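Assembly of the complex is requested from the two constituent chains, each provided in isolation within its own frame, with the hints serving as guidance.
Those protein sequence lines, which keep their order, are chains A and B.
Heads up: the first sequence runs through residues 1 to 269, numbered per our numbering.
Heads up: the second sequence runs through residues 270 to 515, numbered per our numbering.
Errors might be hidden in some of the hints.
[To be verified] Straight-line C-alpha distance at most 30 Å; calculated DSS-like pairs for lysine-lysine:
#1 B/Lys-298 x A/Lys-74
#2 A/Lys-133 x B/Lys-493
#3 A/Lys-8 x B/Lys-298
#4 A/Lys-45 x B/Lys-341
#5 B/Lys-294 x A/Lys-74
#6 B/Lys-294 x A/Lys-114
#7 B/Lys-397 x A/Lys-74
#8 B/Lys-493 x A/Lys-128
[Claimed, not checked] Covered stretches of chain A (in silico footprint by chain B; criterion: 3 or more residues with CB under 8 Å from a CB of chain B, positions within the stretch not fixed):
#9 85-94
#10 100-107
[Stated by the list, open to error] Among the chain B residues that face chain A by a calculated CB cut under 10 Å, a handful are:
#11 Glu-291
#12 Asn-292
#13 Val-382
#14 Ile-394
For the record, the hints were derived by calculation from the structure and aren't laboratory data.
From a predicted model like this one, the values you see are computed outputs, not experimental measurements.
Think of the CB as a built atom: it goes at the ideal place given N, C-alpha and C, for glycine as much as any other residue.
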Amino acid sequence: MIEVKNLKKGFGDKTVINDVSVVMQAGKCNLIIGASGSGKTVFMKCLVGLFTPDSGEILYDGQDFTDMNDESRKEIRKQIGMLFQGSALFDSQTVEQNIMFPLNMFTNDSYQQKLARVNEVLERVNLKDVNKKFPAELSGGMKKRVGIARAIVLNPKYLFCDEPNSGLDPQTSLVIDKLIAEITREYNITTIVNTHDMNSVMEIGDHIIYMHKGVKEWEGSNKEIIFSKNELLNEFIFASEFLKDAKDMRMLEQTGKIDNNRNMDELIK
Amino acid sequence: MTLFTEFGRYLLMIKGMFSKPENGKMYWKELMHQCVEIGIGSLGIVVIISFFMGAVSALQTAYQLVSPVIPKSTIAQIVRDTVILEFSPTLVCIVLAGVVGSKIASELGNMRVSEQIDALEIMGINTKAYLVMPKILAALIMIPLLVVISMALGIYGGRLAGVLSGILSPAQYDKGLLGNYQPYNVFFALIKAYTFAFIISSIPAYYGYYVEGGALEIGRSSTKSVVVSCVSILFADYVLAALLLQ
Ligand SMILES: Nc1ncnc2c1ncn2[C@@H]1O[C@H](COP(=O)(O)OP(=O)(O)O)[C@@H](O)[C@H]1O
Ligand SMILES: [Mg+2]
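Extracted from the complex, chain B is given alone in its bound form (with noise of 0.2 Å):
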């Protein structure tokens, strides 16, 4: 199958969604449980990568930084900004693109391959309603969430190994920190947290939706999902950049 017709086949699929519920109450207990699997579920792995990444930030920043003429603060500044802008959106997000994805994925391929979404088919039920929408829609409530307390970790992540190390005093991390501020660069990552959640909760579904086969197509289109997905990221990352930060 050519590119084209499986990205049309994509947008078909995401205007497929767009229909009247048979019950609201089903598909808002839908909502909620993907909310849980997609949020909760991937809480903990989002904690451990934040601290270490914003430790790692600030011990490599202080490393480069040899010159005496500028100050110990600016390191928090440095790990403030590319937490912020690069790390917590874009990082998590690739992890989450496996962590998130392949359960997308793989549980959706296994429902295709058990005629478990043709079983609701036949009750009349629009299953891209009632299985691929909720978990776009927990994706886009639940990702820039996780990207938020990531952001808040990484920082605290920065400045625990700063101390902890010797490197600066907590009162110079956190001058640092309110030093040269700048709220737009939250907005914009809060834009790319919700262009990835879309990615990384509608590539996979895709891939998974569709499978055709069995046990072995399921992994397959798990794995491509996550490849697909990452490449995405990365991509729109650039595109964002290229046209907000300006």
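Bound conformation, chain A alone (with noise of 0.2 Å):
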């Protein structure tokens, strides 16, 4: 679990993240949502220690990361893996390297335990016969999968994914967020995902953030992303048509009304 109180975050006099308080609750997909430019990666760096907030608390299991010494705060990064938006796998290093690195660093295991290591996560991020191949050999969604093993091979408690799904096709999308919420469960991990992705919003959205310009402006889950009322949230979540119409119907099928204040004549007609 992760706590977040009053947290702001600046650069010169522009504010970008402005008071967020929040709890990211463990073995859920906790999902930050908002337009590009909204804070959500400059968030998520201040969560894991790479931005230093300028007020405000972060609690990892009720330890403050902010102010903590360097070596507890190492302590603390060792439990935490983070899949990033470029995937940021070492170039000069194969997969089976890359995915090895921490457990060269953190473990005294022997070759044959880390290499079997590697093959599991390998094995449950679904890839084979990459271990020999480098990441410029792999395609987006390839990258993304060994930046998760990466991100996992040392069992975290809390895994981070900026934007998992940028440039990938739907499909491929859909594969990594169930890969992601699969993982959560499995190994009950607090996960925290930035996303503008509305698939993913609906498959894995269990606890959902929306910010605004730095500001949270709503917070639920996929069940009541449905019901929301928020005109600013409904523009960016249900932004075409299709989608307007997709969350009516959802609606009517479990309410037995639809209840909006769109304009509903077309849709009959």
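Below, the structure is given as structure tokens:
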């Protein structure tokens, strides 16, 4: 569980994160959604300590991460896995070396043990026969999977994913989303995902935080989002007419009536 | 950003490098890797420029020494001293600033921009210690070695050119080499080599490590790091000469 209290972060005199408080739950996919530039990445980088917040607290299972010394911070970081937007694989190393890197750095296991673990996580992310390939030889979806494999190789308690779907086709996106959701439940990880992908929201959004211009505008689950009356959120998440229709149909299905302020004449006609 | 804040950040980066390695074996491996990259990687160019600069300085010294009173062996002496004092340490390091410096800056810049540095930080690794320190150490180990090799090759190049063009005999050249030899010059050259090695590795590392932006900025910062390194080398060269050659 990660508790964020009154987090603020700005660059120069521009405020990017404005007083955000939220609790990220263990064993669930916590989604941060919002338009490009709304501050999702900055928020995530504050949580993992790549940016220092201007004010506020970040508690990892009760331990305050913001005013920790470097050594304790390193200890927490060993429990964090992160998938970056561009995968951030080490491009001079093969897939196997990439995934083995954290093991080499932080364990004293034998090569055989490490290799077994690498193959185990590669299998977990459904990749085969890529051990000796370099990142440049992989497709976008495969890179993301290797990124996930590297992030979970040390059995983290917290998993951060920054835009796991960016640059992927819808089908591959879904596969990645499902993978993240499964891993989260399987190992009871506190997972935080940045996304602006509508599909992910509906598929894996156990807990959704909608950010708008650095402010937490809405919070709830993917069941509740259908009934949300927040106009900013609805404009963002159900942007196209098609999705608005889909939302209304789902609402009708579940409650027997459509409760919105759209002009329905066209639909009925 | 002002010069002072940049310099302050540079010093903080240097300070940040000193921390206990997370895993000694991995750091050692990285150091060895950098030694190969920096040392073996630039051996070829060092061999070529050293040889030619020795050869050319022999020919030009002969051309300038027209007086029949001066013995031919003086040419060898002058070649030896200019190669040891200036050409090998300074010229070679200026070239290495381009070869090694741009490599360091663009490697780190690429790692920064593609978030590989962030990925290492997240794992709980001190990236200044793991990425920057081995590069600087490797430069401090390998560049003075390259400079020594360059001295030998430069002097040999001068001998070959002098003999081939019929200016002086091998015996005359060798006699000149031994005349009025001052070991202090080699010591001085090595001080320069160590200083320049630090400049060539730490300045590009700074520019690469703190890149912001994309591919364009990587190119820009690598060019800038080479320019700043070269100017710093020339400046340090002057300061060292003023301090140590009296
Ligand atoms: N290092 C930085 N320095 C200054 N401004 C930044 C920096 N990183 C992000 N920003 C600004 O913060 C805002 C939010 O960016 P970001 O978190 O990347 O958005 P997104 O929601 O698309 O991930 C943007 O306006 C961006 O310009
Ligand atoms: Mg982003």
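- Structure versus earlier hints, numbers of those that do not hold, lowest first: 2, 3, 4 and 8
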